[in-house]
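J.: In order, the protein sequence lines correspond to chains A and B.
Numbers 1 to 111, taken from the numbering used here, label the letters of the first sequence in order.
Numbers 1001 to 1115, taken from the numbering used here, label the letters of the second sequence in order.
Calculated directly from the structure, the hints in this document are not laboratory data.
Honestly, I wouldn't trust all of these hints.
Computed cross-link-like contacts, BS3-like style, restricted to lysine-lysine with a CA-CA straight-line distance of at most 30 angstroms [to be verified]:
1) A:K42 <-> A:K56
2) A:K2 <-> A:K67
3) A:K42 <-> A:K93
4) A:K42 <-> B:K1013
5) A:K93 <-> A:K67
6) A:K110 <-> A:K67
7) A:K42 <-> B:K1026
8) B:K1026 <-> A:K93
9) A:K56 <-> B:K1013
Beyond 12 angstroms from chain A on every Cβ pair, some chain B residues (computed) [claimed, not checked]:
10) T1009
11) G1016
12) V1019
13) S1027
14) S1065
15) E1075
16) L1081
Sample of chain A residues at the chain B side, in silico, Cβ under 7 angstroms [what the hints assert, rightly or not]:
17) Y39
18) G43
19) G102
Beta carbons are placed, not taken as given, at the ideal position from N, Cα and C, and that holds for glycine.
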Amino acid sequence: QKEVEQDPGPLSVPEGAIVSLNCTYSNSAFQYFMWYRQYSRKGPELLMYTYSSGNKEDGRFTAQVDKSSKYISLFIRDSQPSDSATYLCAISKAAGNKLTFGGGTRVLVKP
Amino acid sequence: DAGVTQSPTHLIKTRGQQVTLRCSPKSGHDTVSWYQQALGQGPQFIFQYYEEEERQRGNFPDRFSGHQFPNYSSELNVNALLLGDSALYLCASSSSQGPVPRAQYFGPGTRLLVL
């Protein structure tokens, strides 16, 4: 069983829709949760991070963590074609330690 | 403020050869991590360097080795290249003194093709 599971998609939505992404993890030792966005043939770009259960909002992005269910989510409001990319969840057991990534979800936002 | 830089951007090698990839961390960062990303997959952790020492290592063979220099830049070396080593190699930097979670910031990667 992989430590982090993520639906590969692709997830296709119309412009302006809410994009909902999620990951599940297996080990309760993971304490830090990050979301990265990766455009084709580019390096991952950090979008958000959190280390507590609950919601964290930053502009159009909301990250949600449920440690009891080992479930993390990312919501993108008012999606734009420029949001079309692969979204990667990443988790770690300690601050600054190695990241364990999900396989990524490819998102397509259609004009 | 320059972000993480990597060189070269692309590289083609043949099986059995050796390769060296280079990384300069983001200004103010002292920790460098290396990841391998195969096509269509998430990055896999190779190792992390801090204070010129390998601090953590993922599940990669000894053919993969690294180095960190006093200016915090880093190299990844891969010996006896295999076809399966073809991937995007990503460098990430972070600060050991930064606020929790000491997030890692990635460079653009080096795309290695082994023929």
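J.: Would you mind marking each hint as holding or not holding in the structure?
T.: Do the hints match the structure? See the list:
Distance restraint check for K42 of chain A and K56 of chain A: the Cα-Cα separation of roughly 26 angstroms lies within the 30 angstroms cut-off, and the hinted pair is therefore satisfied. Taken as a hint, the K2 of chain A and K67 of chain A pair is honoured in the structure, with Cα atoms around 17 angstroms apart against an allowance of 30 angstroms. Distance hint between K42 of chain A and K93 of chain A is fulfilled; the C-alpha atoms sit about 26 angstroms from each other, no more than 30 angstroms. Between K42 of chain A and K1013 of chain B the CA atoms are separated by roughly 21 angstroms; this keeps the pair inside 30 angstroms, and the hint holds.
Between K93 of chain A and K67 of chain A the CA atoms are separated by roughly 13 angstroms; this keeps the pair inside 30 angstroms, and the hint holds. A C-alpha spacing of about 33 angstroms is found between K110 of chain A and K67 of chain A, which places the hinted pair above 30 angstroms, so the restraint is violated. A hinted pair counts as satisfied when its Cα atoms are at most 30 angstroms apart, and K42 of chain A with K1026 of chain B qualifies at roughly 17 angstroms. Of the pairs offered as hints, the one joining K1026 of chain B and K93 of chain A holds, with about 23 angstroms between alpha carbons and a cut-off of 30 angstroms not exceeded.
About 44 angstroms separates the Cα atoms of K56 of chain A and K1013 of chain B, which puts this hinted pair outside 30 angstroms; it is violated. With a closest Cβ-Cβ approach of about 10 angstroms to chain A, T1009 of chain B is found to fall inside the 12 angstroms limit, against its non-interface label. With a least CB separation of 27 angstroms from chain A, G1016 of chain B remains clear of the 12 angstroms interface cut-off, as annotated. With a least beta-carbon separation of about 18 angstroms from chain A, V1019 of chain B lies farther than 12 angstroms from that chain, consistent with its non-interface assignment.
With a least beta-carbon separation of about 16 angstroms from chain A, S1027 of chain B lies farther than 12 angstroms from that chain, consistent with its non-interface assignment. Every Cβ of chain A is farther than 12 angstroms from the Cβ of S1065 of chain B; the closest lies at roughly 17 angstroms, confirming the non-interface assignment. With a closest Cβ-Cβ approach of about 18 angstroms to chain A, E1075 of chain B is found to remain outside the 12 angstroms limit, as its non-interface label requires. Interface exclusion of L1081 of chain B from chain A stands, the closest Cβ pair being 21 angstroms apart, more than 12 angstroms.
About 10 angstroms separates the beta-carbon of Y39 of chain A from the nearest beta-carbon of chain B, more than 7 angstroms, and the hint is not met. Taking 7 angstroms as the C-beta contact cut-off toward chain B, the hint placing G43 of chain A at the interface holds, the least distance being around 4 angstroms. With its C-beta approaching chain B no nearer than about 5 angstroms, G102 of chain A sits inside the 7 angstroms limit, and its interface hint holds.
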